[in-house]
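Novice: Starting from the known structure of chain A, fit chain B onto it as the hints suggest.
Protein chains in written order, with the numbering used here: chain A, 155 to 507; chain B, 1059 to 1740.
Among the hints, a few may not be true.
[Claimed, not checked] Where chain A lies over chain B, by a calculated footprint (3+ residues, C-beta under 8 Å):
1. 1088 to 1095
2. 1215 to 1221
3. 1236 to 1250
4. 1304 to 1314
5. 1723 to 1729
Hints in this document: simulated from the structure, not taken from any laboratory. Heads up, the beta-carbon is just placed ideally off N, CA and C, and yes, glycines get one too.
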Amino acid sequence: MSQPLLSCPMLRPGRLLAVLLLTSGLLHGAQAQAQQRQNPVQEVLPKVVKIFGAGGIRNLQSYGTGFLVSPEGHMVTVWNHLLDQDRVTVILDDGRRYEARVLGAEPQLDLAVLQLEDVKVALPYFDLSKAEDIPAGTRVLGFSNMFKVATGDEPVSVLHGVVAARTSLNARRGAFEFPYDGPVYIVDAITNNPGAAGGVLTTRDGRLVGMIGKELRNAETSTWINYALPVTQLRETIGQIISGDFRPSRNRTEDDTNPRRYTAINFGIGLIPDVIQRTPAYVISIVEGSAAARAGLKREDLVVFLNGQLIQSCRMLQEELGWLEAGDTVKLVVRRDGQLISVELPVERLAEE
Amino acid sequence: MREFLLRLLPLICLAVLPGSLTVAVADDASLDQLEEQAFREAVALADASIVRIETVGGLDRVGQMLTSTGPTTGVVISPDGLIISSAFNFISQPTSILVQLADGRRFNATRVATDHSRMLTLLKIEATELPVPAAADPKEVKVGQWAIAAGRTYDLTVPNVSVGIVSALNRIWGKAIQTDAKISPFNYGGPLLNIDGKVMGILVPLSPQKSGETAGVEWYDSGIGFAIPMQEVLAAAERMKEGNDLHPGLLGLTLQGSGLLAGTPVIDRVRVESPADRAGVKEKDVIVAVDGQPVTRQAHVRHILGPKYAGDVLQLTLKRGDEELKVDITLVDKLTPWESGFLGILPVRRAVVGSEAPRGIEVRHVFDDSPAAKAGLKTRDLITGFNGSPVTTAAELVNLVSRMRPEEEASVEYERDGKTETLQLTLAAVPDDVPADLRSFPIPVGKSAKPAADAPAADAPEKDAPPAADKENDEAGTGRITGTLPGDTHRYWGYVPESYNPDWPWGLVVWLHPENDTMEAAIFKQWKSLCDRRGLILIAPQSEEISGWNLNEAGFVTDLVRSMQERYTIDPARVVLHSFSSGGNFAYHLAFKERELFRGVAVAAQPLLTPPPENDPDFRQQMYLCCGDQDLLLKRVEATASGLRKLKYPCAFRTLTGRSHEYPAADDTAEIARWIDLLDRI
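Isolated chain A (complex conformation) (with noise of 0.2 Å):
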């Protein structure tokens, strides 16, 4: 499950050493000035830790990223295998070490917040109410213990980049793995490493923005992608752990069943046999007098679009055409003779019900 080492180019030390050094200013020699004014980096580090938990058998890092959210010592990081113990050890950036244990979880949103233990001084924090939301093209820094670089005393891993895209990873059904269906940020540096999760996005002056997610794959492009969950989507129920206000939401594995309520048959069309992975979704014969007749389908349409879902295949029709209720229209977006043609049929409760 780990990226393959080519994408992760940040572990060069060298490189790693140029962007804390250069955190403000990267190309136009502007050091010095970023030095002066209160470096937004050297704000957001202690900030920021370093969890020690349950882990080290094959490829379950032992190790990740959390951050703080209050001086009493409220942290947030990602919901994930090194809360399965009781404790877990809390390391800041100055190598002060806390016991913190989970204070509540929401599996929803792969948050957890913990509470560090004998916190007998103000800790540094993030102000959540401050959190924003930025468009795509906002440069951005990444924080996170990836690979375990940081040891002891010493502060998070910073990257630099740009937000890629503000999108929902659900947006297509089945692409991802993932329980959190709201907006992300897909981020073009190479932030979700292991050990990463937990860790937090800010803008280049510091600002914060998102929790770098878990190491996720794309299931369409088979390639890793990089992205924070905005906090903003977060905060509430941050908010309602620490208050003591949370009721976890209920599993909804029930709901995802596809109720397989209507296949192509019920509407009059015949498909082609659907004998490999993605047979395309070919109408091979039109049934006189039903819906698809009546909406004007021919022999020899391929079905390219179900209610502005494109669909790949057999397969992938008759399983939008299972979500569907009586009473609901389906528009269907043909490919006759090079032509892509629009045709509507309503949804009719079946004889049965």
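Specialist: Below, chain B alone, put in the same frame as chain A:
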């Protein structure tokens, strides 16, 4: 102290900077913002020309790779609907291609043609008045400039972006701009923009070492990405728009010495019936100029040849002796595959220590109906010369014979009963079939072996053996072996015959298990006796995930083979990959990736999913395929065998009667072992 200096350094720098501190700080922050704004504006300028591409149907795998089903990107290059994209986006050979413009309109697209050199695909949609983006002036593209990669994959309304710089120009033999922006399937086919929003190039995966549709994809998001310069994209599109595919141009010659650091381009071999051959290029000619540009190193030649297409004309200036001549050569897309000649003998294998220098190659076996048999060569004859050159080792003889073609005349000098004779013969092609019977080669029982009845005494060093024996047992144990390589978590197991004798060369069978099953017990059971009988060592690396092999694990397997070669005496001519079912994909991949290491591939019940490289006399490889007659894959495995034969790889193929998709039975694996035993045939 160091930290103090680091802090001090900026202050010292500051002292010499003009302008006050406060102004500088404001500039710094606003410069960041201005740059960000410039990125967004650059993308906004090209936005309307960046299209989303979706596909329907097609293959779910190409080679080892699951093909993408996600949307990909293309760029409008003519108002009347020509769209350029990366060929990688269509490797699944989709049934239908759909293009969605930035304004949301959707069109059915047809594939016009593909450029197999620059890996571009040209599409056409029935639309008019499409916005064509401005192309950057190629002279203005410089290393260090901002480079913004854009795709339309995550979101229809806003392109996804990655920002980097131009890292290099004229990469991949003069074909591509290199950038450190993150290039991946999310923006292949999209534009690489400069800060003014002009298109510098089209993003494609490329690799300097490999070619083909999936080459370079392993570098996604690595900071090494490539774009074809826009001027060349447009030129290629102009040639493609009538529907003609473009291919890299081939000459049909190889240069002496390998590696890109090799110096003077001296011609080593000219392929028969290749353009170079027809133009009269001869071996040992020295290339002094290409297209009028002087060349002194092999890399120069490749830089000029790299950007050329089949059909282009290339001018070579050659030096032959004292003469200088110019030839014009029209490049082609395909060369007649190389086919090696065959004598029809197996050489006697030699001990690696102890014996005096060989005088020639003793014949172990003469194949029926082979040129050697027809000319009257016999077992125990000692071959001492070939075509007038003296030969003393099998490697030398193979080298000479495999560089000749079937049907060519050759002469063989040999000793029989103390007399030297010469005979003439006509070489044949290496036969595909495996003889029904082949006596195994006897190896004297090794010193580390358990006492065997009447093992012939090994050579002189035997006396030194006892003190060294323990250590040898540690390093090179016999029987069932297991372990890991230092610094690697992969496990492996294997079997070394108890009769192992380090003074003699052993074949090495590398078993690559299929997905979800190491088949350890079954393979051990079948191969133990075969190894004992045929002088083979079995080694079975295990994939990290039982679910199957990852292409990145190729390094582990080759490291393991090299480690075996260090620990044991391995015959380089008989290092063989063996696999069944899905493991076969990995076997093919490894074989063609490590052509010097693996001399044979024996795969049961798995077709080859990617086109193999051309047969090459420098890398003699032989294949063995089999498949059950009840197996649904039979036709495809058969097609693989005939495809390999077309490329002139010697390829045995066996249909296993009454077998479905299952590992071959004992009789059939015995044939595989027999085939391995004849891989050193000449």
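Novice: Taking the hints in turn, state whether each one holds.
Specialist: Here is what the structure says about each hint:
1. 1088 to 1095: Check passed, 4 qualifying residues.
2. 1215 to 1221: That given contact holds, which follows from 6 residues of the region 1215 to 1221 of chain B lying within Cβ reach (below 8 Å) of chain A.
3. 1236 to 1250: holds (count 5)
4. 1304 to 1314: It is violated, with 0 qualifying residues against the three required.
5. 1723 to 1729: Not satisfied, violated; 0 residues make the cut.
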